[in-house]
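Colleague: Order-wise, the sequence lines are chains U, A, G and S. Add 1158 to the 1-based position in the first sequence for our numbering, that's all there is to it. Add 557 to the 1-based position in the second sequence for our numbering, that's all there is to it. Add 180 to the 1-based position in the third sequence for our numbering, that's all there is to it. Add 478 to the 1-based position in the fourth sequence for our numbering, that's all there is to it.
Hints should not be assumed to be uniformly reliable.
[Stated by the list, open to error] Straight-line alpha carbon distances no greater than 35 Å define the calculated DSBU-like cross-link-like pairs of lysine-lysine that follow: (1) A:K735 - A:K819; (2) A:K775 - A:K798; (3) A:K735 - A:K833; (4) A:K786 - A:K775; (5) A:K833 - A:K883; (6) A:K819 - A:K663; (7) A:K798 - A:K868; (8) A:K786 - A:K663; (9) A:K798 - A:K880; (10) A:K775 - A:K735; (11) U:K1232 - G:K382; (12) G:K296 - G:K382; (13) G:K733 - U:K1232; (14) S:K576 - U:K1232; (15) A:K880 - A:K833; (16) S:K574 - U:K1232; (17) G:K296 - S:K569; (18) S:K574 - S:K722; (19) G:K296 - G:K372; (20) A:K786 - A:K868; (21) A:K819 - A:K833; (22) S:K576 - S:K549; (23) G:K372 - S:K722; (24) S:K722 - S:K569; (25) S:K549 - U:K1232; (26) G:K372 - S:K549; (27) U:K1232 - G:K296; (28) A:K819 - A:K798; (29) S:K569 - U:K1232; (30) G:K382 - G:K372; (31) S:K574 - G:K372; (32) A:K795 - A:K735; (33) G:K733 - G:K296.
The hints are simulated quantities; they were obtained by calculation from the structure and are not laboratory data. Being a predicted model, the structure only gives us computed values, none of them experimental.
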Amino acid sequence: MHTKGHSAHPGESIGGVHVMPVAVLVGIWVVLIILTVLTVGVTYFDLGPFNLAVALGVALVKASLVALYYMHLKYDHPFNGFILVVSLVFVALFIGITLLDARQYQPDMIPGYAPAMQKK
Amino acid sequence: MTRLLALLASANPPTTTSGDFWMPVRGSANAAAVDWLFYFIYYISLFFFALIVGLMAYFIFRYRQRSPDELGEGPSHNTPLEITWTVIPLILVIAIFWIGFTGYMKGAISPDGAYEIQVVGAKWKWMFGYPNGYIDENLHVPVDTPVRLVITSDDVIHSLFIPAFRLKKDAVPGRYTKMWFRATQPGEYQIFCAEYCGTSHSDMLAMTIVHPPGEFEKWLENAANFLDKMSPAEAGEKLFKQRGCTQCHSIDGTRIIGPTLKGAFGHEVALTTGQKVLFDEDYTRSSILNPQAQIVAGFDPVMPTYQGRLKDREISAIIEYIKTLK
Amino acid sequence: MATIDHTMPGTARPGPARQANYLNASHGLLSWLTTLDHKRIGVLYLVSTLTAFFLGGVFALLVRTELLTPTQTIMGPDTYNKMFTLHGAVMVFLFIIPSIPGAIGNFVLPIMLGAKDVAFPRLNLLSWYLYIIGALWAVASIIMGGVDTGWTFYTPYSTTTNTAVISMTFGVFILGFSSILTGVNFITTVHKLRPVEMDWFKMPLLLWALYSTAVIQILATPVLGVTMLLLIAERALGIGIFDPALGGDPILYQHFFWFYSHPAVYIMILPAMGVISEIIPVFSRKHIFGYRFIAYSSVAIAIFGFLVWAHHMFTSGMSPMATMIFSALTFSVAIPSAVKVFNWLATMYGGSIQLKTPMLWAVGFIFVFGIGGLTGLFLGALTTDVHLHDTYFIVAHFHYVMMGGSVFALIGGLFYWWPKMFGRMVEERWAQIGFWLSFVGFNVTFFSQFVLGSRGMPRRYFNYLPEFQGLHQLSTYGSYVLAIGLGLSAVALLHSLFAGRPAPDNPWGAASLEWSTSSPPPTDNFSSEPVAGDPYDYNELAWDRSVQGYVRKG
Amino acid sequence: MSHTADAHDHHAHPPNLAHHFDTPEQQVASGKLGMWIYLSKELGGVNTVVLLTSSLTMAWGVRAAQLGQKKILVWMLSLTLAFAVMFLGIKFVEYKSKWEEGLLPGKRFHPTAPPHVNDGKGAEPGHHDLQERVLPGMVGRGAPAPAPAAPAPAAPVAAAAVPAAPADPSALPPGPKPGDESSLIKPAADGPPGLAVGEVVPLGADRNAVPKNVQIFFGIYFMMTGLHALHVLAGMGVIAWLLKRSLRGDFGPSYFAPVDLGGLYWHLVDLIWIFLFPLMYLIH
Ligand code: HEA
Ligand code: HEA
Ligand code: CUA
Ligand SMILES: [Cu+2]
């Protein structure tokens, strides 16, 4: 397996399609795992509001790596990447504004109101 | 159609005593501002609509085709013109937004010391609770006083809508929503439920009664002491309607969610356990305070307890009322 | 009025010989149900969505008839509630969202591109089957006792009512997939199958509109799917997400629902605007005015359409901050719509205008969409919306844009492409009477509802105060006239199938590619490779008496 | 409006939850919650690694298809499938532990319950039909927001303070039958405080507002991860199909689009998890 894998040079392409070298694939995987360990590790320190920022920042890096290399976006027509980014932006927009609103109206909520919840 | 529109355009300006063609009576300080914006947008719309339809009609007439080979002539673009008709509407809508927004913000924050009334919507009635604990099925307010409504719902979403005040706010279970107004004219104004809430959504009506200066306090004191003022049976009837008993119990013999109470008193009742009990004072009282203890055969145990919600005297009054239901 | 063609329908004219075309390429029901031809799939969509329209229309007439009197007229309150729910849900999910992209888009889009088919023909057929399955689920809810939630399925009502909500929402969930697949197909087709000589700015404007629509379909519809799933999960398993009684949040539901359903109203209107952008220049015999502005405005509407969803929630208890943001953003959509209206008008200026049936519906569209859109301004403004929300003013607003806008454009487009689809010309006289009856009937039905609404009449009301009866009756009578007008139009169309004059290749003198092939087109769309030019340049076309249509000069 | 501040704190620093608890029972409950969170973090982390690795094998598979290395392709697809199974297995363990902790969304949310309480009949979601779902609510209704007249404000999570809540929902007689016109929601009368009896309850009065947000969180947690799991399942179907075809030798340098597209889908599933993991498992 390994010997075969090395036979592909970086940037090799077949019929105009880019073929990922094994070294790059595995390299990306190693980075992803390290980042995952980092994400979990960071949660043991209380960074206050930065916890979320760090976690999401790392997630963004990881997602970009997967998208660029595993999903070939780096070598594809930029339009495909554009589509992905646009969808993510809209999702973020929806979740962002909705949560913002939910946060704003918290004071109006009747605390503990959930009459049909089963209490044991 | 255009003629009708022209007719509408000349409709009388709104007055305070009777509505105009478009708007109902104005009953609150806020209504004038809303109407102003309404007519502002209305005339803008009328202008653009007349412009567009007028031009269109003129073009159709002026440039109608004479032979199938005739080609139209004219520019196929004109950037300054196109920018003009992008920018003018833009300016207008910014103005519209701004007026609507500032008006809304004024209505969003109630003045300090506003008179507070709590409102609960439930399928399918409104309950208005006054500071002294009295609950009424109509909204009574003093004239020329800021009144704040704190609204919630007991089941699904409802919406308190007072057209004369140009106000509406959803009653959402699990949270409080608020709105405030200052009534300007004594009188009676319709209240609707504006959020769809099931079978009797369109019957979930109530009235706003705006009392002349000084009258409101008298009314409230009087109403709150209804137990002293009325005969027990009358007071019981009032309570029976106000506290939602009518939703489940008919007084004309029809079966709804709960058993009818017509002619029930003094007779035997069959329970789910197979026992029979006499429908007397004690049974009634325990049915109201601890409804799950004895379930009438053929019914679901869905009646809520009124423990802590009805005072002893109130229950006695209700019992007197049930006795009269022959 | 329009030049009336004096040739007798049906008489043998030196028309095109009966060549092989997509309709007679193969026979039998099975050949239709397994077809991969985009044109046949378009026809399948046409038949199924019009059936849905008819069904929704019958519900509408029952609703209107019930409202003749302030109390019970022909049905009880629960039946009434189910009636308007089914009417709204059928019209929105089964009819108007799939109709223009599914029927007209499928038929016309590949031909306009000079392509043989859409990019993924199998996916295309699958999307129609998903439509049928979803529609059957939705319709099955009627048999299971109906649904009484309103088409918006607001929680906690929808999670607690005892009606067939799950069946209906599951149907809607499946219909969403159908819509997504159509969108994916159109985007890919426009990207990959556009001929080299047709750059983006030589595409007919309908393609811009369908493309923008497809973007919305792909980005917004998954949210509808999730919303419906969450609703079903809450109802079936008691998971507390939206119902406050279970610790959920009903406002959250409204955010979810409108995040799809507001963009969805632009799924309904954008293709309609595209259709209008085709019809107006052809019947004005003049190049479209401001091509780029119209093209960009389609994209702008699609994008802005995503930013305004919460304008349906101004009185819901949403935070004042969100209220303000969404009111401001709402007005941003009004601008590109205004741009389109003015550009259509400028196209007519200096034209050579011929009021054939498609053009009549297009002119009617500008008239009614103008009213519908302008009344949207009352709703985007905060204080006026607080008064008008959930009244008949809203009902009137959205019928003016959906029935008056989208449906008028659909019918106009149907009359416009009918000769291409079925190779027959429609008898003008009956079609025009049909239009006028529909137009008058429509305005009587729904204009009275504006007045009802602003005077305080709430929507979804079974009983109403006696003071509103006059206007309600007017509205009901109008709806009867409207139904007769639509029926007449349908008769005119159907009649042409049997007795219509065979259609020439290019009866209206349009320059987009679908008119350069035969009517109806062969299975592969073109017998010889077409060359795309400016789709709005009519200089090269000349009227040919012998075929009663237009031919290329020289 | 002291409540306002609390609500906000609660959002920004969820660990502050603890200060809302004022009885020992609740303290225990929150301790358990913490343990659970720790556990889920571990499991979630392991699952992230599993999924990332499956992405690696998938990408490698695409490469093999492009180069026509059939054997490697088959291996890689099989490995991907195996990782997917592993992912779902771990997910199952996680769901199960939460189930036993009673951290279930909606009406079954009762974090203070000892693990075995739910063993009885009717504990599985499939077994709860509509009628059983609403009835306990109708009966228990009014308890969480105690009427002012009931002097001891009941802490919503403390079972003892809730009157009249029957222990076993299945013991209740059936509610309205499906097809009834009547609504399942219990009508008026014992609504939120403030109207029941005279006095006006100050708005925003803190009534130990704990469970609501926690419970919404778990509702969302189950829905999001559940939806994601559904996508994993769909992806497994696709990969199995690809595996079958690659065994047949369908793919090679001139035809590998299905593997490529299947791969894209699989990476997307991974991508979503990359965001879900910190959001659902770490922010706490
Ligand atoms: C095809 C569908 C469609 C379209 C195109 C629109 C278009 C618009 N809609 Fe409409 N709307 C609906 C379908 C649609 N709507 C439906 C179904 C509902 C109710 C759902 C329910 O509750 O059941 C609704 C409800 C609705 C509401 C919520 C009301 C409420 O419930 O309280 C609002 C509020 O902002 C709104 C606004 C607008 C605006 C600003 C536009 C704009 O896009 C309009 C833009 C067009 C123009 C402005 C006209 C053309 C321009 C000119 C003539 C030039 C002059 C212009 C200016 C001076 C600006 N709509
Ligand atoms: C595209 C969407 C659409 C369309 C076209 C219509 C069309 C009509 N609608 Fe509909 N309506 C909605 C969408 C639509 N509606 C929605 C979303 C709601 C809200 C529901 C809710 O509150 O939840 C609503 C609600 C609604 C109400 C309010 C109910 C209430 O609040 O209590 C009313 C009342 O008058 C009404 C009436 C009508 C009428 C008379 C028509 C007429 O225009 C119908 C005319 C059609 C026909 C009469 C069919 C006959 C057709 C033919 C014979 C020919 C067909 C074939 C060919 C042309 C080939 N509708
Ligand atoms: Cu209450 Cu509608
Ligand atoms: Cu909208």
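Colleague: Now tell me if each hint is right for this structure.
Modeller: Comparing the hints with the structure gives:
no.	hint	in the structure
1	A:K735 - A:K819	violated (40 Å)
2	A:K775 - A:K798	holds (23 Å)
3	A:K735 - A:K833	violated (49 Å)
4	A:K786 - A:K775	holds (13 Å)
5	A:K833 - A:K883	holds (21 Å)
6	A:K819 - A:K663	violated (51 Å)
7	A:K798 - A:K868	holds (16 Å)
8	A:K786 - A:K663	violated (41 Å)
9	A:K798 - A:K880	holds (15 Å)
10	A:K775 - A:K735	holds (26 Å)
11	U:K1232 - G:K382	holds (30 Å)
12	G:K296 - G:K382	holds (19 Å)
13	G:K733 - U:K1232	violated (49 Å)
14	S:K576 - U:K1232	violated (40 Å)
15	A:K880 - A:K833	holds (19 Å)
16	S:K574 - U:K1232	violated (40 Å)
17	G:K296 - S:K569	violated (47 Å)
18	S:K574 - S:K722	holds (32 Å)
19	G:K296 - G:K372	holds (12 Å)
20	A:K786 - A:K868	holds (17 Å)
21	A:K819 - A:K833	holds (18 Å)
22	S:K576 - S:K549	violated (41 Å)
23	G:K372 - S:K722	holds (30 Å)
24	S:K722 - S:K569	holds (26 Å)
25	S:K549 - U:K1232	holds (27 Å)
26	G:K372 - S:K549	holds (33 Å)
27	U:K1232 - G:K296	holds (32 Å)
28	A:K819 - A:K798	holds (15 Å)
29	S:K569 - U:K1232	holds (32 Å)
30	G:K382 - G:K372	holds (15 Å)
31	S:K574 - G:K372	violated (48 Å)
32	A:K795 - A:K735	holds (27 Å)
33	G:K733 - G:K296	holds (26 Å)
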